[in-house]
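Peer 1: Could you put together the complete structure from these sequences and hints?
Number of protein chains: 2
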Amino acid sequence: MNNKTFTVSDQQLLEEIMLHRRDIRGNNFLKKQVSEETIHKILLAASLAPSVGFSQPWEFVVIRDNATKNLVVNSFEIENEKAEKMFCDEKQKKYAELKLEGIKEAPVNIAVFYKPSTRPVLGQNTMKEMGEYSVVCAIQNMWLMSRSLNVGLGWVSILNPESVKKILKSPPGNKLVAYLCIGYVKEFMNIPELEKINWETRKSINTVVYQDSYSVDRQ
Amino acid sequence: MNNKTFTVSDQQLLEEIMLHRRDIRGNNFLKKQVSEETIHKILLAASLAPSVGFSQPWEFVVIRDNATKNLVVNSFEIENEKAEKMFCDEKQKKYAELKLEGIKEAPVNIAVFYKPSTRPVLGQNTMKEMGEYSVVCAIQNMWLMSRSLNVGLGWVSILNPESVKKILKSPPGNKLVAYLCIGYVKEFMNIPELEKINWETRKSINTVVYQDSYSVDRQ
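So the protein sequences, as listed, match chains D and A. Be aware that the first sequence starts at 1071, since it is given in our numbering, and climbs by one per residue. Be aware that the second sequence starts at 1071, since it is given in our numbering, and climbs by one per residue.
Keep in mind the hints are simulated off the structure, nothing from the lab. Any given hint might turn out to be false.
Same chains, same names: a pair is fine if it fits in one copy or spans any two.
What the hints assert, rightly or not - Derived DSS-like pairs: lysine-lysine, alpha-carbon spacing no greater than 30 Å straight-line:
1) Lys1266 to Lys1198
2) Lys1163 to Lys1185
3) Lys1169 to Lys1102
4) Lys1152 to Lys1174
Peer 2: Here it is in structure tokens:
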């Protein structure tokens, strides 16, 4: 039996860590090295995530090599130029002003892959995405663990996954789920940058919760 | 500035919560009610998750109604019968012995949906899955918050998402990401049930970590 009981202050501390977690972009990472021990703790947190059918379908490439980072930045720049055109007028201007990645600044990058199982996986029969979703649970564990270690983490999604796979010599069957930039930071902003610049407004939880079904009045 | 510094004991507590988190299945939920306040804390944790372009693309249906739960159980039973056939011999026997859901036992179920944005989302240009992945980050926050509240959570994925959407009268454009069972439990097992019965073995983190690229020797 493992009925460890957590206290109210434990619960509040977890909430604090969640509240203070930020997505870290460019112009914010410090040059200060991140120790192997710290990276190990972050990876260990990943391994404690839930996974469908206990499949643990995650693989991690830890990147410190500058030449590799430069190639990934090239992929970002190509995709970012395309992405900018999706927005109009004021938003395009705001978009161009944002520095959306810290690939070279961050001392450590971690590419996170989903490695599909070669055998049937319990729980992944009907919902095929469950394998990838398990990998995302691992990433959220890494994010929270990083914050508790006072280390910043940013998820760069403006990348062509196939280009990144080629750069990292990934097996063809693997899928790139995330490309993470990790390092100490100048600051953890009080609120997300995109909230601060009014890119999007924060949704109140009550506006996205329904009772029993979508047809019934909201909470 | 928000440079809150967490301590070593804060980091260790987070690790404890991650270590003691379990997927809760059938024959383990207690009848004890879960208060609105507790459910609210779990939903609040979801809203603190990172989301691509601050899109917060999540919606939640909180289910306490027995008739609705019965319909969801029907969908589970249909899919579970199909799933069982994927496994052979000993594994099929083991599979049949597992009680893989606690839908009716758990006082609260929460269906978690991804609601795609009608406008372009920053960061979701190249990697379209980023919206769903944001919802999964929210689910992992819910899971950890539940555990810190000493409340069990189980993710049921042996369901037909389209059937569940119909039962819950979901808008057609929404995607069911997860169906969660929530309640107090008899026990949080020491190790995952699937590890205990040797369904799968635990992977050492060193076997899934690579340095700089897949072609370089492992850590």
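Peer 1: The structure should be examined with respect to each hint, and the outcome stated for every one.
Peer 2: How the hints compare with the structure:
1. With identical chains, the CA atoms of Lys1266 and Lys1198 are at most 30 Å apart between copies only, with a shortest distance of 25 Å across copies and 37 Å within one.
2. For a Cα distance limit of 30 Å, the shortest separation of Lys1163 from Lys1185 across copies, 27 Å, qualifies, whereas the shortest one inside one copy, 39 Å, does not.
3. Taking the closest pair of Cα atoms, Lys1169 and Lys1102 come within 30 Å of each other only inside a single copy of the chain (20 Å); across copies the shortest separation is 49 Å, beyond that limit.
4. When the C-alpha separation of Lys1152 and Lys1174 is checked against a cutoff of 30 Å, the pair qualifies only within one copy, where the shortest distance is 21 Å, while the shortest distance between copies is 48 Å.
The structure shown violates none of the earlier numbered hints.
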